[in-house]
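Here is what each chain is made of, one letter per residue.
There are 4 protein chains.
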Amino acid sequence: MDWLATSIMNRRGIAAGRMGTTHHLTEALQGVYHYTIGPYSSPVLTVRPGDRVVVETRDAFEGKVKTEQDLPSRVLNMPFVNPQNGPILVEGAEKGDVLAVHIESMAPRGPNPRGTCAMIPQFGALSGTSLTALLADSLPEVVRKIDVDEDGVYWSKRVTLPYRPHIGTLSCSPEIDSINTLTPDSHGGNMDLPDMGPGSITYLPVRTPGARLFIGDAHACQGDGEVCGTAVEYPSTTTIRVDVIKGWALEWPRLENEDVVMCIGSARPLEDATRIAYRDLVLWMESEFGYDRWDAYMLLSQCGKVRLGNFVDPKYTVGAGIEKKYLAPG
Amino acid sequence: MDWLATSIMNRRGIAAGRMGTTHHLTEALQGVYHYTIGPYSSPVLTVRPGDRVVVETRDAFEGKVKTEQDLPSRVLNMPFVNPQNGPILVEGAEKGDVLAVHIESMAPRGPNPRGTCAMIPQFGALSGTSLTALLADSLPEVVRKIDVDEDGVYWSKRVTLPYRPHIGTLSCSPEIDSINTLTPDSHGGNMDLPDMGPGSITYLPVRTPGARLFIGDAHACQGDGEVCGTAVEYPSTTTIRVDVIKGWALEWPRLENEDVVMCIGSARPLEDATRIAYRDLVLWMESEFGYDRWDAYMLLSQCGKVRLGNFVDPKYTVGAGIEKKYLAPG
Amino acid sequence: MDWLATSIMNRRGIAAGRMGTTHHLTEALQGVYHYTIGPYSSPVLTVRPGDRVVVETRDAFEGKVKTEQDLPSRVLNMPFVNPQNGPILVEGAEKGDVLAVHIESMAPRGPNPRGTCAMIPQFGALSGTSLTALLADSLPEVVRKIDVDEDGVYWSKRVTLPYRPHIGTLSCSPEIDSINTLTPDSHGGNMDLPDMGPGSITYLPVRTPGARLFIGDAHACQGDGEVCGTAVEYPSTTTIRVDVIKGWALEWPRLENEDVVMCIGSARPLEDATRIAYRDLVLWMESEFGYDRWDAYMLLSQCGKVRLGNFVDPKYTVGAGIEKKYLAPG
Amino acid sequence: MDWLATSIMNRRGIAAGRMGTTHHLTEALQGVYHYTIGPYSSPVLTVRPGDRVVVETRDAFEGKVKTEQDLPSRVLNMPFVNPQNGPILVEGAEKGDVLAVHIESMAPRGPNPRGTCAMIPQFGALSGTSLTALLADSLPEVVRKIDVDEDGVYWSKRVTLPYRPHIGTLSCSPEIDSINTLTPDSHGGNMDLPDMGPGSITYLPVRTPGARLFIGDAHACQGDGEVCGTAVEYPSTTTIRVDVIKGWALEWPRLENEDVVMCIGSARPLEDATRIAYRDLVLWMESEFGYDRWDAYMLLSQCGKVRLGNFVDPKYTVGAGIEKKYLAPG
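Chains as they are written, first to last, in numbering that gives the first Met the number 0: chain A, 0 to 329; chain B, 0 to 329; chain C, 0 to 329; chain D, 0 to 329.
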């Protein structure tokens with residue numbers, strides 16, 4: 000793809016677009032998946048900037064919801080959900096750098112019905128939860144198994160949805176915290192942002208030696224907000240390419256695709272997630288794209304794009320973006 | 000346009016698509032504009048279902064910000080901002096009905112630079128405000144005058160934005176409250192939703208005899224969230240057509256265009272606005288489109304669309320939508 | 000009482016502590032009670048600074064919940080609840096002044112069981128509501144009738160609560176809005192602050208000629224937050240004395256009693272209500288009590304007192320206070 | 000003290016009030032303090048139920064702010080703040096148990112001025128922060144050094160505050176997360192609750208073998224909300240006694256003193272913290288004190304007490320309590 004040549008990843012990364020080795024992070028190689036993202040687990044793989052990794056991700060239920068009778072409240076054992084591959088060490092990455100993760104492709108894995116969606120008690124945006132703690136009864140617990148292939152997500156006789164895969168959880172390790180895989184924050188985490196699919200590059204702040212990349216939680220498709228609490232969760236073969244950008248100290252993740260750049264904030268309440276994303280975008284336009292701060296702020300008021308990731312997790316995620324055409328030099 | 004024939008407005012409205020009289024609500028006819036939306040002001044016009052009204056809206060600053068030296072803090076007199084045309088009485092509309100407002104077109108009015116954007120002290124998403132009350136100094140007060148025509152919004156030498164007009168404030172009167180024109184709520188109000196432009200039909204709950212329609216606050220374009228607090232505010236000639244749908248008691252406004260139906264919530268914090276919108280959409284899919292409630296909820300988790308209106312006003316506005324193709328009978 | 004002589008009301012009010020006429024605002028004189036607080040209703044009484052008014056308030060259910068079988072969803076007709084006495088005009092009060100309201104006493108009125116508490120569907124802090132819009136079933140609807148006298152609130156065989164009355168809703172009219180009586184805001188409104196009882200003086204911003212005082216919603220007792228949505232609602236004979244302080248332009252209500260001064264904010268989310276209250280208190284300490292702004296801010300971090308009014312209404316109310324002894328000149 | 004004999008700790012703990020050994024967790028024994036609370040650090044001490052531990056806590060700035068010229072932005076190295084003693088293993092404590100921590104006394108340690116309060120850039124309730132991300136300039140950075148002894152906190156010539164010490168941060172380890180010491184959550188953490196001082200017993204959920212108790216962050220006094228972001232931070236000698244209550248699986252911490260029981264929630268927005276606390280209290284009244292659920296809910300609406308811990312940390316903390324006299328059997 001053409002635009003990659005002009006992406007920040009390829010312009011500023013150590014590998015500068017040169018392809019390295021391809022690694023295969025199979026289920027067997029991964030062995031133990033992780034439920035927390037931090038500096039305390041043992042690396043499963045070490046790669047170099049420019050390398051490609053083909054990752055076998057497991058679904059967020061770790062494959063335990065095989066039929067519509069496998070209720071999450073019975074087969075899951077909290078907090079052991081949303082298993083992550085990794086940590087992958089990337090040579091040369093240090094605190095104060097950025098890890099660029101280009102998602103090249105995502106293919107479904109395993110037998111159909113591979114997709115799983117569920118309404119889980121005390122989870123989801125239109126239910127009381129452990130945080131929005133109410134006395135109302137839980138909504139019914141419902142499991143939906145869905146056939147998925149690269150042509151579609153076969154929701155029901157009535158509805159077939161397009162296959163629009165993305166990675167729900169993508170992170171470098173925090174410096175000292177280890178954060179459960181349900182929670183997004185400034186390290187990345189469970190952002191559930193539909194833009195984070197094939198054709199996107201995510202820029203993650205590196206906070207520990209080697210970056211310690213974690214990846215998982217593939218979604219075959221997802222609406223804005225992931226309102227019932229789960230997407231079409233499925234096992235995937237996800238191919239990424241990584242690079243390291245030295246001396247780019249981000250506070251929050253950013254994303255780039257062919258048309259748009261985006262800043263990503265995760266917080267509660269939802270306006271705070273949105274503020275984080277928009278502030279970071281203003282400051283980025285100022286520092287890198289030659290905008291006066293107030294010009295950037297006022298321009299975004301006219302053309303900024305907001306994507307709601309999820310508003311169901313312990314923190315909510317919002318991306319604020321601008322079309323690249325408005326960032327071209329004047 | 001074809002789709003109008005199958006719109007809810009034309010299928011269920013009293014006029015059923017038959018065109019009525021065209022009225023001209025000029026500045027002269029309007030005379031006194033309104034800064035509060037309620038049942039206590041005198042109607043300026045009475046129309047029938049199916050009638051068209053050509054409305055001369057004033058900009059949100061009421062034309063007082065003529066140059067970049069006219070600082071809002073000097074020329075405005077709060078709460079006398081965001082002037083509204085109306086109230087327009089619609090014959091036959093009663094509490095428990097819906098007023099359908101089809102925006103047919105929006106044309107710029109008056110001499111250039113007609114567009115105004117401003118950073119106003121203690122206003123906007125990345126500033127402390129009267130509600131997010133902080134001790135920090137205000138951001139600088141900045142006014143931007145912008146040429147606008149139907150081909151573009153001439154933001155700067157570097158950036159020309161597309162002309163994508165919409166109506167920021169659209170309301171029927173509340174039953175007993177009278178609400179300032181800066182605030183959105185279940186009556187409509189200052190929603191600042193970019194989808195509410197030409198080609199859209201908004202469905203507003205009627206709560207007083209004759210509906211008492213108010214309209215104003217045209218934007219030549221606006222980003223999601225209206226982050227600095229103002230869009231490209233401009234005076235417009237906005238042409239609407241209205242109809243009345245009897246016995247459709249809505250709690251919150253809804254919207255329809257060629258591709259999408261949308262429910263609109265306004266509240267703080269932002270997650271509550273989003274919850275309102277999504278709940279209303281689930282219940283609508285159940286009551287009108289033959290969906291099981293939980294099927295609708297889980298499906299929206301896969302294909303729901305969220306539009307952030309503003310998150311700068313006293314209440315924030317969110318639209319939650321679904322593509323009409325998924326609502327077609329199975 | 001001694002402290003009144005040194006209260007702001009008596010030191011700075013027009014009447015300066017001189018007692019005026021006593022008026023009786025009986026149910027009969029009131030006639031029509033009000034469900035919205037604004038500039039559009041007809042005054043029921045005109046008084047002078049220093050005058051006393053003995054007000055017969057109705058309970059928030061307007062007396063319609065007479066037995067535990069009178070479910071609110073059947074006997075109430077929204078939005079016609081929380082009836083208010085007034086508007087009372089106070090001579091000489093103008094926009095930019097303050098109306099001081101000293102609550103002298105509150106006595107129960109009418110036959111027992113006079114007190115009413117209810118769990119109302121889609122209302123209360125631990126239920127989904129119209130704003131925190133969920134798909135869960137409502138909590139059960141429950142009515143509790145309670146004997147109340149000046150010695151106690153006879154909750155159950157097990158529990159007798161002290162009689163600690165306060166006024167839930169106290170307001171001057173907004174300038175142009177008319178706001179339903181369930182909502183608190185900068186005009187006062189439905190604050191549900193337990194401190195607003197006998198022995199307190201509330202300072203309300205005047206925004207229309209004559210101040211247009213509204214009062215109602217007596218509570219025989221109330222916990223912090225009014226968590227189930229209602230207090231022990233009861234009809235009262237409430238005696239107030241009013242005065243006007245010229246040229247004191249407040250943004251939000253304030254309160255004083257023998258020991259404490261307090262600023263009151265109403266907003267959502269709850270942190271914004273708290274921010275409003277604390278910011279106003281910092282600025283008050285700076286402008287009137289000789290504190291450096293940052294000294295005040297840091298001192299409140301050590302000795303500030305927060306009272307949660309309600310977190311069940313459309314906006315939540317918080318009082319932030321400081322003991323007067325810390326405001327004495329150094 | 001009498002009431003201890005009837006406390007839950009003494010009635011239900013393994014030690015049942017029997018005093019065990021006294022341990023001294025000095026600075027020297029502690030050696031390395033901790034900035035994150037989790038299962039990955041090495042225990043510093045193992046004790047038995049009933050044992051007493053005399054802990055030398057360091058102040059939240061780790062003693063680095065020695066003068067009013069030592070600005071936090073220069074002398075601190077985020078996230079290495081708020082150092083914690085521990086982890087202390089308690090024999091017999093397992094997942095599903097409760098660790099009871101009775102704070103017996105807190106004495107100041109080290110030379111005066113021992114107390115430190117600071118306004119830190121992008122921190123505190125009336126400032127933009129990393130989460131409430133704004134474009135406004137930071138407030139000034141100010142350090143205040145304060146003499147503290149057991150008779151008072153000598154704030155200024157004008158103001159002496161009472162010495163009312165409490166522990167700001169108290170935790171058992173989460174099961175898999177490791178959480179920085181600035182953040183409160185269901186494990187305890189940085190709650191900053193003024194009630195958590197001498198004479199209180201805190202009940203913490205045990206989630207890992209041995210409970211892994213962490214303690215630190217002594218405050219010589221603190222207002223509700225800790226509004227500027229810091230209390231009077233000081234090094235202390237804090238004496239605690241611990242016990243284990245088997246088979247009491249709490250979701251959130253609880254607290255007891257002579258007069259009150261309290262449930263503690265930490266979340267954002269602030270209403271969610273309050274909901275957590277009140278829901279837990281309702282459920283506790285139902286499960287342990289013989290209340291019908293709805294009776295408990297409605298009674299708390301009349302007599303519940305809310306304490307705002309902090310609303311400055313990454314999550315806000317609220318305690319909801321009821322006087323014990325209302326819990327006595329009917």
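The reader is advised that the hints may include incorrect statements.
Said to hold, decoys possible - Under the rule of at most 27 Å between Cα atoms (straight-line distance), these lysine-lysine pairs were calculated in the BS3-like manner:
1. D:K94 <-> A:K63
2. D:K324 <-> C:K304
3. A:K304 <-> B:K94
4. A:K65 <-> B:K63
5. B:K63 <-> A:K156
6. D:K323 <-> C:K63
7. A:K324 <-> B:K144
8. B:K63 <-> C:K94
9. C:K324 <-> D:K324
10. A:K304 <-> B:K304
11. A:K144 <-> B:K324
12. D:K156 <-> C:K144
13. C:K156 <-> D:K144
14. B:K144 <-> A:K144
15. D:K324 <-> C:K323
16. A:K156 <-> B:K304
17. D:K94 <-> C:K304
18. A:K324 <-> B:K156
19. D:K323 <-> C:K324
20. C:K323 <-> D:K94
21. C:K324 <-> D:K156
22. A:K156 <-> B:K94
23. C:K144 <-> D:K144
24. C:K144 <-> D:K323
25. B:K304 <-> A:K323
26. D:K324 <-> C:K144
27. B:K156 <-> A:K323
28. D:K323 <-> C:K304
29. A:K324 <-> B:K323
30. C:K304 <-> D:K144
31. B:K94 <-> C:K63
As the list claims (entries may be wrong) - In silico negatives: residues of chain B with every beta carbon more than 12 Å from chain D:
32. N9
33. V31
34. K63
35. K65
36. R73
37. M77
38. G109
39. P112
40. S126
Bear in mind the hints are in silico, worked out from the structure with no lab data behind them. Here the structure is a predicted model, which is why all the values come from computation and not from measurement. Even for Gly, the Cβ is constructed at its ideal location relative to N, Cα and C.
Each hint, compared with the structure:
no. : hint              : verdict
1   : D:K94 <-> A:K63   : 24 Å, holds
2   : D:K324 <-> C:K304 : 24 Å, holds
3   : A:K304 <-> B:K94  : 37 Å, violated
4   : A:K65 <-> B:K63   : 65 Å, violated
5   : B:K63 <-> A:K156  : 57 Å, violated
6   : D:K323 <-> C:K63  : 34 Å, violated
7   : A:K324 <-> B:K144 : 22 Å, holds
8   : B:K63 <-> C:K94   : 24 Å, holds
9   : C:K324 <-> D:K324 : 31 Å, violated
10  : A:K304 <-> B:K304 : 13 Å, holds
11  : A:K144 <-> B:K324 : 22 Å, holds
12  : D:K156 <-> C:K144 : 53 Å, violated
13  : C:K156 <-> D:K144 : 53 Å, violated
14  : B:K144 <-> A:K144 : 55 Å, violated
15  : D:K324 <-> C:K323 : 31 Å, violated
16  : A:K156 <-> B:K304 : 22 Å, holds
17  : D:K94 <-> C:K304  : 37 Å, violated
18  : A:K324 <-> B:K156 : 14 Å, holds
19  : D:K323 <-> C:K324 : 31 Å, violated
20  : C:K323 <-> D:K94  : 48 Å, violated
21  : C:K324 <-> D:K156 : 14 Å, holds
22  : A:K156 <-> B:K94  : 39 Å, violated
23  : C:K144 <-> D:K144 : 55 Å, violated
24  : C:K144 <-> D:K323 : 24 Å, holds
25  : B:K304 <-> A:K323 : 22 Å, holds
26  : D:K324 <-> C:K144 : 22 Å, holds
27  : B:K156 <-> A:K323 : 16 Å, holds
28  : D:K323 <-> C:K304 : 22 Å, holds
29  : A:K324 <-> B:K323 : 31 Å, violated
30  : C:K304 <-> D:K144 : 23 Å, holds
31  : B:K94 <-> C:K63   : 24 Å, holds
32  : N9                : 42 Å, holds
33  : V31               : 37 Å, holds
34  : K63               : 26 Å, holds
35  : K65               : 27 Å, holds
36  : R73               : 21 Å, holds
37  : M77               : 20 Å, holds
38  : G109              : 32 Å, holds
39  : P112              : 25 Å, holds
40  : S126              : 6 Å, violated
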